[in-house]
Structure formats: structure tokens, C-alpha cells
Amino acid sequence: MKYLILTDIFGLTPWTDSLKNKLEDLGHQVLVLDPYQGEYLNLADETAAYAAFCEASSHDGYYQSALTLAKAHLPDTLIGFSAGASAAWRIASNKGLNFKSIHCFYPSQIRYYHDLSPKYPCQLILPNYEGSFDVAAMGEYLQGRTNLEIEMSQYGHGFMNPLSAHYNEKAEALALRLLLSIASLQ
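Counting along the sequence shown from 1, when you hit position 184 you're at 177 in the numbering used here, and nothing is skipped either side.
Just to be clear, a hint being listed does not mean it is correct.
FRET-style restraints, in silico, Cβ to Cβ [to be verified]: (1) Leu178 with Glu48: 39 to 47 angstroms; (2) Ser51 with Ser174: 33 to 41 angstroms; (3) Ala130 with Asp18: 37 to 45 angstroms; (4) Ser51 with Gly31: 33 to 41 angstroms; (5) Gln136 with Ile175: 18 to 26 angstroms; (6) Arg104 with Ala158: 18 to 26 angstroms; (7) Asn14 with Gly137: 34 to 42 angstroms.
Simulated from the structure, these hints should not be mistaken for laboratory data. Glycine is no exception: its CB is placed at the ideal position from the N, C-alpha and C atoms.
Kindly produce the complete structure, drawing on both the sequences and the hints.
Here it is as C-alpha cells:
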């Protein structure tokens, strides 16, 4: 199986490398797209990461890069985190791709694209809180759409990323175990 991982605004980190390696160890081909053209920036915190993201790209630019890569390589599975999850959510509404599953972890930009509907099986993992919109209301609004499974997490935005202020080791382990168990079945 082919995987495409879309990073958050921190870009490539030891954590994204570890996820890629774990999926490859299960026999999968894995592509990783980040906003910084493969450069490791070693950003200290979310403020620095957001400034770097705004300088290097935009949400629309990241989405376009991800869509181009998805069309070129036709991955079976798409996994996105934060800005990458927002791009993945938008990609999920495009016809003509090959996705067997899409996993979107805390896509905060979904608030601008809430009228989209996925064309492929899509798991949306929403955080327990977003300062920019009502997460519970968003979950209710999206509920019942075809191809969509919504998980209302009890953890904050960024719980998978050790560099995030809302990182939670327990939540990361649970979500990683879920992703890897799905990957081992493919």
C-alpha cells in the first residue's frame, strides 16, 4: 500500500520520521509532504512554526502541493495532521483519486470548508477545543455525511506532536496504535 503523510506546520521532525519508518516496516511505501520542501527546521514552538509556515507557504498552497502529489502518486491512504489534515479534508472531496482511507487529525481550517463531503472513507479526529470555532457544533454539523467517521477526542489540538503545547503521550500512543493496526491489516 502507498501512504501519503501531510505534516503539520512543524514540518519534518523525528516524530514524522518515526511514523514513516513504522509504516515502511509494515511493508508500505510512504511519501511525506511538509510545507518546507523537505528541510528540517527544528522549530521551537507553535509561534515559531506558524511564522515559518506563513513565510514558506499558505493553507491553499499546501493543499495544492498535496493534491498534486496525491494525483501523481495515487496513494491508498492519506494521513494529515493540523494544516496537513486541513489539506487532506479538502483532498477528500476530489473525485478521481484512489484512497481507501483518509485520516485527518485536528484540521482547524475545516471551519472554512465545512460544506465539503468526502468521496472516500474519511476519519476526522477533532480536538476537544479550538479557539477559532466550536468543535462540538462542527462535529454535529458534519455528522451523518457519507464516508465520514467523526471522532471527538478528549485531547487538545496537536496531541500527536511532541513539539505541540497540547502533546499528550497517552493520546499519541492510542492514535498511533490505531493507525498501525489499520496499516498492518492492509
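These are the hints, each one checked on the structure:
Checked against the hint of 39 to 47 angstroms, the pair Leu178 and Glu48 passes, with Cβ atoms roughly 40 angstroms apart. Distance hint for Ser51 and Ser174: a CB-CB separation of about 35 angstroms, consistent with the stated range 33 to 41 angstroms. At about 40 angstroms, the beta-carbon gap between Ala130 and Asp18 stays in the expected band of 37 to 45 angstroms. Taken as a hint, the range 33 to 41 angstroms is violated for the pair Ser51 and Gly31, whose Cβ atoms sit roughly 18 angstroms apart.
In this structure the hint that Gln136 and Ile175 lie 18 to 26 angstroms apart at CB holds, the actual value being about 22 angstroms. The supplied range of 18 to 26 angstroms is met by Arg104 and Ala158, whose beta-carbon atoms lie about 20 angstroms from each other. In this structure the supplied range 34 to 42 angstroms holds for Asn14 paired with Gly137, their Cβ-Cβ distance being about 37 angstroms.
Going through the hint list in order, the structure does not satisfy hint 4, though it satisfies all others.
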